[in-house]
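Student: Chains as they are written, first to last, in our numbering: chain V, 1 to 482; chain H, 1 to 447.
No wet-lab data here; the hints were simulated from the structure. Honestly, I wouldn't trust all of these hints.
What the hints assert, rightly or not - Subject to a maximum C-alpha distance of 25 Å in a straight line, what follows is the list of computed DSS-like cross-link-like pairs (lysine-lysine):
(1) V:K400 to H:K352
(2) V:K400 to H:K339
(3) H:K339 to V:K378
(4) H:K109 to H:K126
(5) V:K167 to V:K44
(6) H:K138 to H:K168
(7) V:K426 to H:K339
(8) H:K168 to V:K426
Unchecked claim - Just a sample of chain V residues kept apart from chain H, beta carbon distances all over 12 Å, derived:
(9) K44
(10) W54
(11) G146
(12) E147
(13) L148
(14) K160
(15) R262
(16) V297
(17) A298
(18) I351
(19) H420
(20) R436
(21) T442
(22) G452
(23) P462
Just so you know, even glycine gets a beta-carbon here, dropped at the ideal spot from N, CA and C.
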Amino acid sequence: MSTSTETIEQFVNREYQYGFVTDVESDAAPRGLSEDTVRLISRKKGEPEFLLEWRLKAYRYWLTMKEPVWPNVHYPKIDYQNIIYYSAPKQKTDGPKSLDEVDPKLIETYKKLGIPLREQERLAGVAVDAVFDSVSVATTFKGKLGELGIIFCSFSEAVKEHPELIKKYLGSVVPYTDNFFAALNSAVYSDGSFCFIPKGVKCPMELSTYFRINAVDTGQFERTLIVAEEGSTVSYLEGCTAPRRDTNQLHAAVVEIVAMDRAEVKYSTVQNWYPGDEMGRGGIYNFVTKRGLCKGVASKISWTQVETGSAITWKYPSVILKGDQSVGEFYSVALTTNYQQADTGTKMVHIGKNTKSTIISKGISAGRGQNSYRGQVKVMRSASGSRNFSQCDSLLLGDKCGAHTFPYLEVKNTSSTVEHEASTSKIGEDQIFYCRQRGLSTQDAINMIVNGYCKEVFRQLPMEFAVEAQKLLGVSLEGSVG
Amino acid sequence: MSCRTSTADPVPRADAAFLAAYEQLEQRDAMAPSWLVALRRAGNAHFGELGFPTTEDEEWRFTNVAPIAALPTHSAVKRDVGFDELERFTFGQMPVHRLVFVDGCFSSKLSSPDLGNEALEIYSLKIAMLSGVDWVRKHLGKYARTDENAFVALNTSMLEDGAAIRIKSKQRITLPIHLLFVSTSDQAGATSHPRVLILAERGCDAHILESYESLTEGSTLTNAVTEIAMEEESRLEHCRLQQESTKSYHVGTVQAHQSRSSNLVTHSISMGAKIARVNINPVLNAEGCECVMNGLYVVDGDQLVDHHTAIHHAKPRCNSHEFYHGILDGKAQGVFNGKIFVRPEAQKTDAKQTNRNLLLSDEASIQTKPQLEIFADDVKCTHGATVGQLQEEAVFYLRARGIGKEAARRMLVHAFASDIINRISIEPVRAELDQIMFDLFEREPGE
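The task is simple: from the sequences and hints, build the whole structure.
Tutor: Written out as structure tokens, the structure is:
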């Protein structure tokens, strides 16, 4: 057991690797939230009237709402008047036209994170829309995508160039009335990504966005909108790291996906934001609303997430299976250590006939982490012949952590089948013994077992992310049980 | 609980009738010993604070008890019931220690003549409380908490009658103990709050059957609470059978407290009532406890049946197994919520939970929520829930042997129910329930 104690300690004391602050002057709005703040954000971004109206409606609705208390997470009350709702990196010109024009300090930040934009442009075949705080600084590969008719740009750019698409789809999946944090996001969202795949186009590369939070006390309110037209296919990647902080930061993002007939959207996330120190101080509050709408026949939306960061994660990527024969998938690995809390899961709403959904959730709790799976499978009367399979497993490392499972299954017709399975366990001594007997060290054995445990999810990730995810878990989990 | 908004509205509370009933009881029952008055008062205070739950309360999200709150609650008008009327509830007059309660009040006339012997003490709770039986006073109200569940608080505030059973140390009771609760009133709002206290002393072994029946079709309310205290190495089988009329309302709570190496088997069979809610909460409070919970709900029409079970693993090396099956037809709604709590010190816990549901009609619905809350690391906990149809393979197997599709289907539905019924060890009860299931599902129409 001594190895395990030692490694748990190592693991618990592990410093956040990406904790640094880039010294960039921020062009920030004053603290606090009011109609004036909303107007200021809208004006700064030069938005059309309909968007301002929409933001204001969302703000007014938000005022009538109460912060939800049902998630299984605990945190001090957030003072919404003590947050800076808008900050843009100061720029010499109005907008960079190439990477050379981008603030060298920003480029430096990305280099520290291991995302050299220039190299990535050529090597990885990944178009990166890098969001630094709230304004997009650079978008690569745009031209190449443009040839196919794919629009992949920052949200504010999309507002300027394709207002008709924004007007049509914004809020169509997550209306501003949806929940407290979605309403807040709708009112003050600063930027994000927009992606439109035209009819019949298969996107030739993985689209990816790197989010980063910088500047002290800046709330980050991202808005992502992905529209996949009939018969199109796209795989979208999102990865996150953030510098270390002492005060908690709020992150309330909204992601909306619309998939038309036979369209396929795959959305993958690796989230590694600052989780707070070993005493549970600081860290990001990650309150995200992610939802996909399978609008067309035989459309498919797949969410894959690897959640290792954030002090608190509160996130339920969902799929509304409206089109007949549509498919929804959710694959998740969530890791909580130290004082991290995660309340995450999914919602599958079966409306169309013969719709299918799969949920695979793997929770890992260590230290004093609290990990909750909360999922809902709802089969409406109209969804005859629907099928769901859910499996949520929890792995407990150490005796001070907790694993919680809250699945809701609601079925309203006879021809559908819903199955839910869950288990909670630790790594068995017999398993370790078996591996050791065959010459593996305890650490290697644990690494292997944990990796095997998460395999089902990692397999869903695009290659680059699978490597990154495995690395992330590897650092955290090696030998933390004995 | 924190979800409820406290509004100081001037309109009278929806549960005013229930609060008034308490006032009446307090005045009427001047003879009550002071400890009982204090217990009732505490219950009433908590009920006043909690009020009837709303669907905003997570525990009651799918079960709206507004129709219960709106009942004009009153004690049923005393009615003379003859034994012939009850014969059909006696499982073919099976030999038992029988206590009969008519609208919540003990009837010595209808009960077995010689209750209790050197192995067993059985009292009507009213008598036990008034004569100040020591162990009743010591255990009553100690397990069922009034500050969490409004219905337990309400039952405690109206504590008047019921059963008190003590199985003495090392005694093996072969005859089952049958508590028969009948509602006789056809008046809306006729209410009974029966209370059962079971003390299973060290090393004893007994079988207890609680059955809830109606003689007429009335919107009556039965709000029952059973407290079970199990000492070391005791064994108990507790069977709860609810077949009240489909116009009535039934709320029941079973709170069990287990000591070292005790073994509890509970069955909850729910077929009756318009709205039925059963809470079963065993606390495994010492090492080596075992707990098996079986349940079957069979509902039709516009019935709603809700089972909430919560197993608390508080100490190491305890096992719990839970099997609940549901069959829903018509526009019936089913709710199942099974919680397993494993506290930090409860290492080596082995907990299994299964909930399976069959929907026989497109208008029936089921909400199932198997929930695990685990704070210890060296545990094995699994749960599974399914909703769906009969297994195609099973139907095929039978058809391959020359059984028609319809007949195969009926046979399998019956078997699905029998899976749970067969776990009951009291033979006449098992046989009768199996017959009921056969008549419901397998018997050919017109046979």
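Student: Against this structure, judge whether each hint is valid.
Tutor: How the hints compare with the structure:
Among the hinted pairs, K400 (chain V) with K352 (chain H) is consistent with the structure: their alpha-carbon atoms are about 22 Å apart, no more than 25 Å. For the hint linking K400 (chain V) to K339 (chain H), the alpha-carbon distance of about 20 Å falls within 25 Å, and the restraint holds. A hinted pair counts as satisfied when its Cα atoms are at most 25 Å apart, and K339 (chain H) with K378 (chain V) qualifies at roughly 20 Å. Taken as a hint, the K109 (chain H) and K126 (chain H) pair is honoured in the structure, with Cα atoms around 16 Å apart against an allowance of 25 Å.
In summary, the hint linking K167 (chain V) to K44 (chain V) is supported, as the alpha carbons are separated by about 19 Å, within the 25 Å threshold. Only pairs whose Cα atoms come within 25 Å are accepted, and K138 (chain H) paired with K168 (chain H) is accepted, the gap being roughly 16 Å. A C-alpha spacing of about 20 Å is found between K426 (chain V) and K339 (chain H), which places the hinted pair at or below 25 Å, so the restraint holds. A C-alpha spacing of about 41 Å is found between K168 (chain H) and K426 (chain V), which places the hinted pair above 25 Å, so the restraint is violated.
Every CB of chain H lies more than 12 Å from the CB of K44 (chain V), the least distance being 38 Å, so the non-interface label holds. Annotated as non-interface, W54 (chain V) keeps its C-beta farther than 12 Å from every C-beta of chain H; the closest such distance is 29 Å. The claim that G146 (chain V) lies off the interface holds: its Cβ sits roughly 48 Å from the closest Cβ of chain H, which is beyond the 12 Å cut-off. No beta-carbon of chain H is positioned within 12 Å of the beta-carbon of E147 (chain V); the least distance is around 48 Å.
Its beta-carbon lying about 43 Å from the closest one in chain H, L148 (chain V) satisfies the requirement of being farther than 12 Å from that chain. With a least beta-carbon separation of about 43 Å from chain H, K160 (chain V) lies farther than 12 Å from that chain, consistent with its non-interface assignment. With 12 Å as the threshold on Cβ separation, the claim that R262 (chain V) sits away from chain H holds: the shortest Cβ distance comes to roughly 28 Å. The beta carbon of V297 (chain V) sits about 22 Å from the closest Cβ of chain H, which is more than 12 Å, so the claim that it is off the interface holds.
No Cβ of chain H comes within 12 Å of the Cβ of A298 (chain V); the nearest lies about 23 Å off, and the non-interface call holds. Remark: the non-interface label on I351 (chain V) is consistent with the geometry, its nearest Cβ contact in chain H lying 15 Å away (cut-off 12 Å). Not every Cβ of chain H is farther than 12 Å from the Cβ of H420 (chain V); the closest lies at roughly 4 Å, contradicting the non-interface assignment. Consistency note on R436 (chain V): stated as away from chain H, and its beta-carbon is indeed over 12 Å from all of that chain's, at 19 Å minimum.
Residue placement check: T442 (chain V) keeps its beta carbon more than 12 Å from all beta carbons of chain H (closest about 16 Å). At roughly 18 Å, the least C-beta separation between G452 (chain V) and chain H is larger than 12 Å, which holds for a residue marked as non-interface. At roughly 32 Å, the least C-beta separation between P462 (chain V) and chain H is larger than 12 Å, which holds for a residue marked as non-interface.
Of the numbered hints listed earlier, those contradicted by the structure are 8 and 19.
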